[in-house]
Amino acid sequence: MIANAIVETDALEEFIEEIEKAKDCLPKKIDANPKTVEKGLAKLVLTLIELIRKLLEKQAMRRVEAGSLSEEEIENVGETLMKLENKMDELKEIFGLKDEELNLNLGPLGDLM
Amino acid sequence: MKLYLYGIIDFSNQITESIYGLEGSNVYNIPFCDIGAVVSEISQPIRDVTEGAVLEHEAVVEKLMANFTVLPVRFGTVVNSRDELFSMMESYYRDFKSNLARLHNKLEFGIKVIWPADKVKANIIRVLKKDEQTIESDNSPSKRFIEEKFEKYKIDKEFEAKANRFIKIIDIFFGKFAAEKKLEKLKTQNLLLDAVYLVEKDKQRDFKEALEHIKNANYPGFKYLFSGPWPAYNFVILSRQSGLLTDSQQTNDILDKVTQCQALVGANSI
Amino acid sequence: MNSVVVKSKEVTLLEILDRVLDKGVIISGDVVISVADVDLIYLGLKVLLSSVETMEKLRGSPFISPMQEAK
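Chains as they are written, first to last, in our numbering: chain U, 1 to 113; chain Y, 1 to 270; chain C, 1 to 71.
Check each hint, because a few of them may be wrong.
As the list claims (entries may be wrong) - Think about it this way: if two alpha-carbon atoms lie no more than 20 Å apart in a straight line, the pair counts; the simulated SDA-like pairs of lysine to any residue are:
no., chain 1, residue 1, chain 2, residue 2
1, C, Lys9, U, Thr9
2, Y, Lys2, Y, Asn80
3, U, Lys23, Y, Leu186
4, U, Lys21, C, Leu13
5, Y, Lys143, U, Arg63
Keep in mind that the hints were calculated from the coordinates and are not lab data. Computed from a prediction, not measured in an experiment: that's the story for all the values here.
Let's have the full structure, built from the sequences with the hints guiding it.
Quick look at the structure:
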């Protein structure tokens with residue numbers, strides 16, 4: 001066969017499963033099939049929005065952690081984030097997209113999440 | 001006839017070994033100055049990625065690896081003609097030269113590590129629960145939302161901190177035998193580490209032994225996948241500032257190929 | 001035994017695909033016809049996002065002022 005390279009492991013099946021899972025996180029192309037192009041574009045856009053939403057959430061958590069938010073601010077931030085999440089859930093349902101599909105793996109550049 | 005490109009090598013003569021590539025065509029070297037582009041003729045551009053074609057591509061690159069320093073080219077790269085190949089080689093020449101020098105006598109190895117993510121997480125939750133005050137139930141929905149999110153945030157943060165710690169340990173085993181490395185953390189919850197290491201040829205035995213050492217360290221629930229030696233796919237770095245000769249069209253008119261080569265080689269050695 | 005061989009082939013293939021399709025010399029430009037022109041959009045996206053991340057690293061978190069960060 002090919003490959004002088006050897007692959008050696010004590011847990012073949014588990015690695016195959018994880019590698020496949022990791023691959024699915026990576027959006028490869030926009031699906032430009034005429035029938036599904038809408039979903040493909042929605043996926044791209046929602047992936048970006050989801051990234052920003054998670055980023056906002058994380059920043060909010062950092063501020064909660066630092067104790068730098070007043071009670072009132074916590075109320076506000078909470079309401080905003082909750083509404084945002086609900087809206088995203090709605091959109092995901094409309095386009096039939098799952099959470100995993102909106103995960104932008106940034107690879108070696110490091111996850112922003 | 002279009003040319004399918006397999007790799008760039010540090011060799012500018014004909015390859016003596018007969019190698020067959022995609023469509024069963026003969027693989028040969030097209031010299032450009034002191035390096036070469038290894039190609040075979042192909043009737044049409046690649047439309048689909050098939051397992052067979054990918055394996056054929058890889059097989060050619062690995063055969064090249066046995067005798068030369070090789071920069072593997074991504075699957076499916078096709079140029080229309082020799083002229084186009086030359087103009088590509090010209091604009092990337094500097095990049096190719098510096099990569100060939102950097103990767104000379106080095107090989108790529110992959111290390112993947114699975115860790116017991118569920119157990120790690122369960123432990124974190126147990127510890128956090130211990131010193132947690134009860135959440136007041138009369139809080140507003142938005143406040144409760146934040147509190148729940150914050151719980152998750154704390155767990156995730158600790159999870160990541162643990163991952164970082166283990167990755168550091170693993171990297172101590174392998175890192176000392178490597179010239180360069182790229183580590184990716186938690187591609188999935190279970191896949192703690194996906195790493196590639198660039199290793200000098202005469203250190204590959206030590207590197208391989210590091211795997212045995214880390215296995216002997218017996219971290220419970222940790223599993224390893226070791227692969228290699230590979231051509232250095234993950235360590236080709238192109239600056240993208242192609243175009244050493246600023247206006248290649250114009251230069252083509254003025255210089256013949258030989259002087260161009262001298263200019264290129266000379267410029268590179270400065 | 002046989003299934004182990006098959007699985008091991010599968011994982012080898014995964015390792016190869018990961019390299020051959022995504023890595024190595026990736027030539028951009030008009031000269032080259034490549035299978036995967038479409039994924040350049042995502043490549044561009046990655047670069048964009050990574051520069052956002054770098055920015056964040058350079059000046060601390062964008063949402064936290066230096067005062068708060070000093071805590």
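The hints, checked one at a time:
Proposed proximity of Lys9(C) and Thr9(U) is supported: the alpha carbons are some 12 Å apart, at most 20 Å. Straight-line distance between C-alpha atoms of Lys2(Y) and Asn80(Y) comes to about 5 Å, which keeps the hinted pair within the 20 Å bound. Proximity of Lys23(U) to Leu186(Y) is assessed by CA-CA distance (about 13 Å); at most 20 Å being required, the pair is judged to hold. Annotation: proposed proximity of Lys21(U) to Leu13(C) holds, straight-line Cα distance about 15 Å (limit 20 Å).
Taken as a hint, the Lys143(Y) and Arg63(U) pair is honoured in the structure, with Cα atoms around 14 Å apart against an allowance of 20 Å.
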